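Participant: Spelled out, the chains give:
Protein chains: 2
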Amino acid sequence: MPNSTSPFKDILDSIFPARSIAVVGVSNDPGKHLGGREYVNALVDARFPGKLYPVNPSGGELHGLKIYKSLQEVPDPVDFLISAIPAKYNIPLLRDCAAKGIKIIQIYSAGFSEIADPEGKKLEEELARTARETGVRVIGPNCMGIYAPKYNFSYRVGLPPESGSVGFISQSGSNSFHAIRDGNLKGLYFSKLFSYGNATDLTECDFLEYLAEDPETSVIGGYVEGVRDGRRLIDTLRKITPKKPVVIYKAGNTVGGSRAVASHSGALAGSERVWEAALRQCGVLQVFSMEELVEALMLFQYMDPPTGKNAILMGTGGGVIIQSTDETIEGGLNLPLLPAEVRKSLEKTFTTEAGGSFRNPVDIYLGRKEIIEQTVKLLTGLEQTDLLLMQIMLGFSNQTAMLRPYLKAIRDMSKKINRRTAIIIRPAGSFRYANFTLKLQQSLIAAGYPVFDSARRAATAISRYYDFCQRVRNLPKS
Amino acid sequence: MPNSTSPFKDILDSIFPARSIAVVGVSNDPGKHLGGREYVNALVDARFPGKLYPVNPSGGELHGLKIYKSLQEVPDPVDFLISAIPAKYNIPLLRDCAAKGIKIIQIYSAGFSEIADPEGKKLEEELARTARETGVRVIGPNCMGIYAPKYNFSYRVGLPPESGSVGFISQSGSNSFHAIRDGNLKGLYFSKLFSYGNATDLTECDFLEYLAEDPETSVIGGYVEGVRDGRRLIDTLRKITPKKPVVIYKAGNTVGGSRAVASHSGALAGSERVWEAALRQCGVLQVFSMEELVEALMLFQYMDPPTGKNAILMGTGGGVIIQSTDETIEGGLNLPLLPAEVRKSLEKTFTTEAGGSFRNPVDIYLGRKEIIEQTVKLLTGLEQTDLLLMQIMLGFSNQTAMLRPYLKAIRDMSKKINRRTAIIIRPAGSFRYANFTLKLQQSLIAAGYPVFDSARRAATAISRYYDFCQRVRNLPKS
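Those protein sequence lines, which keep their order, are chains L and D. Here the first sequence is numbered in my numbering, starting from 1 and rising by one per residue. Here the second sequence is numbered in my numbering, starting from 1 and rising by one per residue.
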């Protein structure tokens, strides 16, 4: 396959890094919508090293920066512009940008095809036409724009400064925020993220093509609501999935959801079944919520392709592990019965006073360090185990106190099942353990383990991941 | 229907309150299993006002209490006894109890029919026989026992001291702990909870019958793994469901889960379909995880029976609300299109610069207080709304800052839909908001709103709750 160049690759490359960014619509009136000011706050917070030019007819100052009364007043060249002015003013703004030699802008403003008033649709058509005429490329409108921590791009104060190799596109600003925030807690770090809204000019296809060729991106995630050109998306995905894994959450699948999509990004959601078949044929890993999207991306980062679906499920708390057993099997993994001699040895190892179950799931009472060590020794000797699911239950009895030897057990056991061990921690559900749970989760992810909230979610995600890896392996090489 | 008396009602009534509790198996050796000592710790922590008698051959002291070398040595009468000694010693212990006039004991010890060794099964049969011969009633073995905060019964340090009207039975100790801990965070307070383990003597049926007649219990929840006498359970449920709502999570439904049940409580799990049909016919509200069990009980406490399934879903964050829209409809509720005149008025109310969606879901940007007030006014005027689902998204933009007016909106809107409003807060997913989220959740529950983690869970629970209330209303009155 020829190494095609993304049509706007050069333009995007010119803003990573950008030397200067203008933000238009920076009102000083606290009663007014804060859009523009929040972008300036975010870029300052992200320590954007280039020049920042806030623009607003009011003039004044922001963060010690002069607010220019108009774009024309800005003395220097501008690499990127963010617009937060009312919808209709974006048409003349595009012409001003062209005049100033600005090649790409992002329009945060809403009030286009997503509103019920037909004026919005007309305005968006005019915007598209003006973009074509002037050659200025537009991200949006009705979008949050770019988050690219390596290049100090941020759209909100407090977004993580660490960069990584996850590329992301999102038609929704709030869901892009979800991906960053929850993703960060699940060990996801981003190369470039584009929240692209109504996709009037630059569409999901443009961003996907760009990320497919971006050397800083190893895996691509996407939240898509509605698509204007389904054929092009299919072609694009078919072209890029042999290069990099792509995970897509296509939303708005119910009648109500599709109606909500229309008034969110002015797009048509399409039928669920059609999308499911199409995405599968394109070699995409499809998921069905933002949580699942984050989890799938986490697996690409922290789990090697599984060798099969046979897992050992281990943990403490009889009833808890039974619910997890049902969930693991319903989620698509197998829990094969342990060999008789291993079961017998485990039974001997454990004192009987507090129970235990040694068939798989392995439910052990973590009362003593030696027990854990003995268990690890017995279980790591096993062949034909593809996966380990290690459940941690916090707050019950002295299991929290025995956490340290249990964590050591996880380390020792996972050496054998290298990079194919997942941790399950049910949300703390109590003030006492809320922060502790988050910290534990973070330290486990830092140690390289994917962490899930429940066995159901772990099994569902891993089973899909396995199927995906099998499918990709069997794809004809292009 | 005759007001039948539970066969062991008098015995249980005699321990609520108990004047004295003996705990047998209180080792002083820190290397040893802590079972017995933890019970003493828990009862001291729960400020049990009666007398506590720790018993162990070692003698010594615990919390300033004398450790008696044997039960015979205890000078006074004992109302309740907790045993944490190795399995086989419980047979002679039962005879000692009979000699001392103790009518009911709880056996924490494991090592009975739940272990693979056939000795365990034999031992449990002997235990059952001895219980019958002596007339001493047994809770367990292999169980956590009783949590009844009003009577200062507790099985673990740190369990909430507040009592309420939720009665609970659980074959699993760890799941009873889950119900207390997560339940507490969801506003559930308990009258009496029984973790009953292997159910050798007293079974789920005995506890259900007791709770059905307990004036301090208004609703009953149950976690059941396996049942020895299915016929009796069906008869019991059929008898009690016309008196009080009963919510059951029957686990161990997969082949692996059923295998795990056998080695957890020595019982047979049975097939999923059979149970589903049977529970339904008995007038039980069936759920499929501990989380759903807690949520269903929460609805009985904080939501009146819904008048129908038509909801308004309101929140902020376009993409987030679209996922929630799909989840609400897939969960079984309807989101009818708002009347045209209301939509038009909402559109006029909102500035267009930041978007919004007014068809249902109602996605509004919480940038201004007046907007919220106007929205509330328009939406509370609506007829034919059965339910409100109010989604709160934390941490994104200034929506967190605008939380106070939004909470006021929730209050104002829910006045019309009195006690039929549910709140959806997605888990915080960040250190910054973890504790804040828990506190917000707690304050909303304290204000009388059920709170859910996602629209899927809210809609699934409420839809089932509605169906249950309809079914019960149509039941022939007994």
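FYI, nobody ran anything at the bench for these hints, they're computed from the structure. Hints are not guaranteed to be accurate.
The list treats identical chains as one, so a pair stands whether inside a single copy or across any two.
Stated by the list, open to error - Keeping only pairs whose Cα atoms sit at most 20 Å apart, straight-line, the calculated DMTMM-like set for lysine to aspartate or glutamate is: (1) K150 <-> D10; (2) K415 <-> E383; (3) K66 <-> E330; (4) K9 <-> E292; (5) K51 <-> D13; (6) K88 <-> E347; (7) K348 <-> D117; (8) K439 <-> D45; (9) K309 <-> E370; (10) K344 <-> E119; (11) K150 <-> D412; (12) K244 <-> D96; (13) K369 <-> D386; (14) K244 <-> E330; (15) K415 <-> E330; (16) K348 <-> E119.
Since the model is a prediction, treat every value here as computed from it, not as a measurement.
Participant: When the hints from earlier in the document are held up against this structure, which numbers fail?
Facilitator: Hints 3, 4, 8, 9, 11, 12, 13, 14, 15 not satisfied by this model.
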